[in-house]
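J.: Next come the chains, spelled out residue by residue.
Number of protein chains: 4
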Amino acid sequence: MESHMTIARPLPDYLVKRYHGWKATSYAENSAWYRKLADDGQHPRAMVISCCDSRVHVTSIFGADPGEFFIHRNIANLVPPYAPDGNQHGTSAAIEYAVTALKVPHLIVIGHSSCGGVRGCFDMCEGHAPALEEKSSFVGRWMDLLRPGYARLPEGTEAERVAALEKQAVLVSLENLMSFPYVKEAVEEGKLTLHGLWTDIGAGGLECYDSDRGDFVPV
Amino acid sequence: MESHMTIARPLPDYLVKRYHGWKATSYAENSAWYRKLADDGQHPRAMVISCCDSRVHVTSIFGADPGEFFIHRNIANLVPPYAPDGNQHGTSAAIEYAVTALKVPHLIVIGHSSCGGVRGCFDMCEGHAPALEEKSSFVGRWMDLLRPGYARLPEGTEAERVAALEKQAVLVSLENLMSFPYVKEAVEEGKLTLHGLWTDIGAGGLECYDSDRGDFVPV
Amino acid sequence: MESHMTIARPLPDYLVKRYHGWKATSYAENSAWYRKLADDGQHPRAMVISCCDSRVHVTSIFGADPGEFFIHRNIANLVPPYAPDGNQHGTSAAIEYAVTALKVPHLIVIGHSSCGGVRGCFDMCEGHAPALEEKSSFVGRWMDLLRPGYARLPEGTEAERVAALEKQAVLVSLENLMSFPYVKEAVEEGKLTLHGLWTDIGAGGLECYDSDRGDFVPV
Amino acid sequence: MESHMTIARPLPDYLVKRYHGWKATSYAENSAWYRKLADDGQHPRAMVISCCDSRVHVTSIFGADPGEFFIHRNIANLVPPYAPDGNQHGTSAAIEYAVTALKVPHLIVIGHSSCGGVRGCFDMCEGHAPALEEKSSFVGRWMDLLRPGYARLPEGTEAERVAALEKQAVLVSLENLMSFPYVKEAVEEGKLTLHGLWTDIGAGGLECYDSDRGDFVPV
Numbered sequence: 001m002e003s004h005m006t007i008a009r010p011l012p013d014y015l016v017k018r019y020h021g022w023k024a025t026s027y028a029e030n031s032a033w034y035r036k037l038a039d040d041g042q043h044p045r046a047m048v049i050s051c052c053d054s055r056v057h058v059t060s061i062f063g064a065d066p067g068e069f070f071i072h073r074n075i076a077n078l079v080p081p082y083a084p085d086g087n088q089h090g091t092s093a094a095i096e097y098a099v100t101a102l103k104v105p106h107l108i109v110i111g112h113s114s115c116g117g118v119r120g121c122f123d124m125c126e127g128h129a130p131a132l133e134e135k136s137s138f139v140g141r142w143m144d145l146l147r148p149g150y151a152r153l154p155e156g157t158e159a160e161r162v163a164a165l166e167k168q169a170v171l172v173s174l175e176n177l178m179s180f181p182y183v184k185e186a187v188e189e190g191k192l193t194l195h196g197l198w199t200d201i202g203a204g205g206l207e208c209y210d211s212d213r214g215d216f217v218p219v
Numbered sequence: 001m002e003s004h005m006t007i008a009r010p011l012p013d014y015l016v017k018r019y020h021g022w023k024a025t026s027y028a029e030n031s032a033w034y035r036k037l038a039d040d041g042q043h044p045r046a047m048v049i050s051c052c053d054s055r056v057h058v059t060s061i062f063g064a065d066p067g068e069f070f071i072h073r074n075i076a077n078l079v080p081p082y083a084p085d086g087n088q089h090g091t092s093a094a095i096e097y098a099v100t101a102l103k104v105p106h107l108i109v110i111g112h113s114s115c116g117g118v119r120g121c122f123d124m125c126e127g128h129a130p131a132l133e134e135k136s137s138f139v140g141r142w143m144d145l146l147r148p149g150y151a152r153l154p155e156g157t158e159a160e161r162v163a164a165l166e167k168q169a170v171l172v173s174l175e176n177l178m179s180f181p182y183v184k185e186a187v188e189e190g191k192l193t194l195h196g197l198w199t200d201i202g203a204g205g206l207e208c209y210d211s212d213r214g215d216f217v218p219v
Numbered sequence: 001m002e003s004h005m006t007i008a009r010p011l012p013d014y015l016v017k018r019y020h021g022w023k024a025t026s027y028a029e030n031s032a033w034y035r036k037l038a039d040d041g042q043h044p045r046a047m048v049i050s051c052c053d054s055r056v057h058v059t060s061i062f063g064a065d066p067g068e069f070f071i072h073r074n075i076a077n078l079v080p081p082y083a084p085d086g087n088q089h090g091t092s093a094a095i096e097y098a099v100t101a102l103k104v105p106h107l108i109v110i111g112h113s114s115c116g117g118v119r120g121c122f123d124m125c126e127g128h129a130p131a132l133e134e135k136s137s138f139v140g141r142w143m144d145l146l147r148p149g150y151a152r153l154p155e156g157t158e159a160e161r162v163a164a165l166e167k168q169a170v171l172v173s174l175e176n177l178m179s180f181p182y183v184k185e186a187v188e189e190g191k192l193t194l195h196g197l198w199t200d201i202g203a204g205g206l207e208c209y210d211s212d213r214g215d216f217v218p219v
Numbered sequence: 001m002e003s004h005m006t007i008a009r010p011l012p013d014y015l016v017k018r019y020h021g022w023k024a025t026s027y028a029e030n031s032a033w034y035r036k037l038a039d040d041g042q043h044p045r046a047m048v049i050s051c052c053d054s055r056v057h058v059t060s061i062f063g064a065d066p067g068e069f070f071i072h073r074n075i076a077n078l079v080p081p082y083a084p085d086g087n088q089h090g091t092s093a094a095i096e097y098a099v100t101a102l103k104v105p106h107l108i109v110i111g112h113s114s115c116g117g118v119r120g121c122f123d124m125c126e127g128h129a130p131a132l133e134e135k136s137s138f139v140g141r142w143m144d145l146l147r148p149g150y151a152r153l154p155e156g157t158e159a160e161r162v163a164a165l166e167k168q169a170v171l172v173s174l175e176n177l178m179s180f181p182y183v184k185e186a187v188e189e190g191k192l193t194l195h196g197l198w199t200d201i202g203a204g205g206l207e208c209y210d211s212d213r214g215d216f217v218p219v
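Residue numbers (the UniProt record's numbering), protein chains in the order written: chain Y, 1 to 219; chain B, 1 to 219; chain P, 1 to 219; chain U, 1 to 219.
Worth flagging that the hints you see were computed from the coordinates, not collected in a lab.
For every residue, glycine included, the Cβ atom is placed at its ideal position computed from N, Cα and C.
Everything hinted at is true.
A few chain Y positions that, by computed beta-carbon distances, are all more than 10 Å from chain U:
(1) Asn30
(2) Ser31
(3) Pro81
(4) His106
(5) Asp123
(6) Ala129
(7) Asp144
(8) Tyr182
(9) Ala203
With a cut-off of at most 25 Å between alpha-carbon atoms, the simulated DSS-like pairs for lysine-lysine come out as follows:
(10) Lys184/B <-> Lys103/B
(11) Lys135/P <-> Lys184/U
(12) Lys23/B <-> Lys184/P
(13) Lys103/P <-> Lys135/U
(14) Lys103/U <-> Lys135/P
(15) Lys17/P <-> Lys191/U
(16) Lys191/B <-> Lys23/P
(17) Lys103/B <-> Lys103/P
(18) Lys135/B <-> Lys184/Y
(19) Lys184/P <-> Lys135/U
(20) Lys23/B <-> Lys191/P
(21) Lys191/B <-> Lys17/Y
(22) Lys23/U <-> Lys23/Y
(23) Lys23/Y <-> Lys36/Y
Where chain Y lies over chain P, by a calculated footprint (3+ residues, C-beta under 8 Å):
(24) 24 to 32
(25) 61 to 67
With these hints in hand, go ahead and build the complete structure from the sequences.
T.: This is how it looks when you write it as C-alpha cells:
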C-alpha cells in the first residue's frame with residue numbers, strides 16, 4: 001500500500017470505542033443484512049441530495065436503514081445544470097450513477113434552515129461578501145449556482161429573503177435536474193419521481209414542495 | 001415561491017409516516033439540543049468525506065449525534081487536487097468551508113468495500129469500460145481522479161487489486177487534501193489532523209491508515 | 001506564585017507515567033480538537049449531576065468525548081432546593097452556570113446502586129446513625145436533602161427500601177431542579193429537558209425514569 | 001416509585017445506542033471487575049477535586065479505571081474553609097466522606113486553563129461584573145471563596161493575572177483543606193498526601209505545585 005502521504009493519524013480513542021460498541025450491537029444484530037448488502041450490492045429506494053451541514057440527519061428523520069438511501073451531500077444541496085464538458089462534476093457523477101446505474105425510483109432534494117452556504121450566497125449577491133466573489137473562492141463559485149434563485153426572490157425582510165433563498169436552492173436544483181437527459185426521460189416514463197423538501201432544524205419541521213400550489217407545505 | 005419547475009411530487013406515504021414518528025420520539029427527546037444547534041450554529045468536531053453508497057453509515061458506526069460531523073459524500077470519497085480555476089468544484093467548496101469557516105479539527109476520509117465507483121475506475125483503467133472513457137461520462141471523468149492510485153497498484157489477483165484501489169481512493173484523497181494551502185497550514189500548525197479509514201461493509205470491519213507502517217490496520 | 005501552603009507533594013510516579021502515555025497517544029490523536037475547545041470555549045450538550053462514587057463513569061457509559069458533558073459530582077447526586085440566601089451553594093452555582101451561561105439543552109441526574117451516601121441517609125432516618133445526626137457532620141447535613149425521599153418510601157425489605165431511596169435521590173433532585181426559576185422557564189420554553197437515570201454498577205444496567213409510568217424502566 | 005415530578009423525559013436515541021454499545025464491549029470485557037466493585041464496595045486510591053468544565057477529563061488524563069478515583073466536581077475546583085455550622089456544604093461532605101470513611105491516601109486538586117468560573121471571579125473582583133455581586137448569584141457567592149487568591153495576585157497583564165488566579169484556585173483549596181481537622185491529622189500522620197495540579201486544555205499540559213519552589217512546574 002504505497003503512498004507518499006505520511007501524515008494520517010490514528011483515530012481518537014472515543015471514536016474507536018464507539019465503533020467497537022456499534023460492532024457489538026447494531027452491527028451484530030443486523031449482520032445478516034450487512035452481509036447480504038455486500039454480496040448482492042445496493043438497491044436503494046431513493047437518492048437524496050442534502051447539505052453537508054452537521055445538523056441535517058436525513059437518515060434519522062426518515063428512520064433509514066443501511067442500503068436505503070444513496071446520499072450525495074454538498075454545500076447547500078445544489079445541483080448544477082447538465083454540462084458534459086469533460087471536466088470533473090462530482091454532483092453530476094453521483095446523479096448519473098444513481099439514475100442510470102442504480103435506477104433509483106425517487107430523487108429527493110432537501111434544504112434546511114440556517115444554511116451557511118445559502119447565507120453566504122445571499123451576502124455575495126447583495127454585494128457584501130467580496131471574498132466570495134474572488135475567482136479562488138470555491139464556496140463563492142459553487143454558490144454562483146444559486147444566483148438564478150436570488151434573482152427571483154420576493155420582496156421582504158432580510159430574514160424572509162434568506163429563508164426564501166434556502167427554498168430556492170431546492171427549486172433551482174430540481175430545475176437543473178431536469179436538464180439531465182436521463183433524468184428527464186426517467187421522469188417522463190414514470191420511472192423516477194422528484195421531490196423537494198426543506199427542514200427547519202430547530203423546530204424539527206419538514207415541508208414539501210407542492211407543484212400545484214407553487215409553494216412548500218408542511219408534511 | 002415562484003418556480004418554473006412543476007414536476008415535484010408529494011413524499012411517499014411511508015416516508016411521511018416515518019418522519020412523523022421521528023418527530024414524536026427522537027426529535028421530541030432531543031428538541032432542546034436541536035433548538036440550541038439552530039440558535040448557536042454548528043461546531044462539528046470533524047469533517048467526514050464518505051461515499052454516496054447507501055450501505056455506508058458513518059453516523060451509525062460512530063454513534064454520532066446531530067451537530068457532530070460535517071459530512072460531504074460523493075462517488076468513491078474522492079478529493080480533487082487544489083485547482084482555483086474559477087470553475088465549480090463542489091468537493092473543494094465543502095473542504096474550504098469546513099477548514100476555513102468551521103475550523104474543524106479532524107478530517108476523516110472513509111472508503112469502503114464493494115465500491116461501485118472504484119470498480120468502474122478499475123475496469124476503465126484496464127480498458128474494459130469504453131463508455132466511462134467518453135467525454136460525456138460524468139462518472140468516468142470523476143473517476144479519472146483515481147488514475148494515479150491505479151498506476152501504483154501492486155501485482156495480485158483482480159479481487160486483490162480492486163480492494164487495493166479502494167484504499168488508494170482514500171490515500172489519493174489524503175494526498176490531494178495536502179495540496180490545499182489552508183489544509184496544509186492547519187495540519188502543520190497542529191490545528192487539523194487527517195485520518196484515512198476503510199470499512200468492510202459485510203463484515204462490519206474498520207481499518208485505519210497507519211503512516212508508519214504504510215498500510216491500513218484494523219482499528 | 002506565593003502561598004502559605006507548603007505541604008503539597010509530587011504526583012505519584014505511576015500517575016506521572018500514565019499522564020505521559022495519555023499525552024503521547026489520546027491527546028496527540030485529538031490535539032486539534034483540544035486546541036479548538038480551548039480557543040472556542042465549551043458547548044456541552046448536557047449537564048450531568050452524578051455521585052462522586054469512584055465506580056460511576058458516566059463518560060464511559062455514554063462514549064463521551066472531551067467537551068460533551070458539563071459534570072457536577074457530589075455525594076448521592078443531590079440537588080438542594082433553590083435558596084438564594086447569600087450563602088455558598090456549590091451545586092446551585094453549577095446549575096446556574098450550566099443553564100444560564102452555557103444554556104445546556106439536557107440536564108441528566110444519574111443515581112446508582114450501592115450508594116454509600118444514600119445508605120447513610122437510610123440509617124440516619126431509621127435512627128441507627130447518631131453520628132450523622134450531629135450538627136458537625138457534613139455528610140449528615142447534606143443527606144438531610146434526601147429526607148423527603150425517605151418519607152415516601154414504600155413498604156418492603158430493607159434492601160428494597162434502600163434501593164428505592166437511591167431512586168428517590170434522583171426524583172428529589174429533579175423536583176428541586178424545578179424550584180430554580182431559570183430551570184423551570186427553560187423547561188417550559190422547550191429549551192431544556194430533564195432526565196432521571198439510575199445505574200446498577202455490578203450488572204451494568206441503566207434505567208430511565210418514565211414520567212408516564214411513574215417508575216424507572218430499563219433503557 | 002411515587003413522585004410529584006412528572007416532567008422527566010426519555011434519553012436521546014444516540015445516548016441509548018452508545019450505552020448499549022458500552023454494555024456489549026467495555027462492560028462485558030470488565031464485568032467481573034464491576035461485580036467485584038459492587039460486592040466489595042469501592043476502595044479508591046485518591047479523591048480528585050476538579051472543575052465541572054466539560055473539557056477536563058481527569059479519568060482520561062490518568063487512564064483511570066472504574067473504582068480508582070472518588071471525584072468531586074464543582075465550579076472552579078474550590079474547597080471552602082471548614083465550617084461545621086449545620087448548613088449544607090456539599091464539597092465539605094464529599095471531603096469528609098473520602099477522608100474519614102474511605103480513608104483515601106491521596107487528595108488531588110486540579111485546576112485548568114480557560115476556566116469560566118475563575119474568569120467570572122476575576123471580573124467580579126475588578127468591579128466589572130455587578131451581576132455576580134448580587135446576593136442571589138450562586139456563582140458569585142461561590143466564587144467569593146477565591147477572593148483571598150485574587151488579593152495576592154502578582155502584577156502583570158490581564159491574561160497573566162487570570163492564569164495566576166486559576167492556580168490560586170488550587171492553592172486556596174489546598175489551604176482550606178488543611179482547615180479540616182481530619183485532613184490535617186491524616187496529613188500529619190502520613191496517611192494522606194495532598195497534590196495541586198493545573199492542566200492546560202489546549203496544549204494538554206500538566207503542572208504540579210512544588211512546595212519547595214513555591215510554584216507550579218511541568219510534570
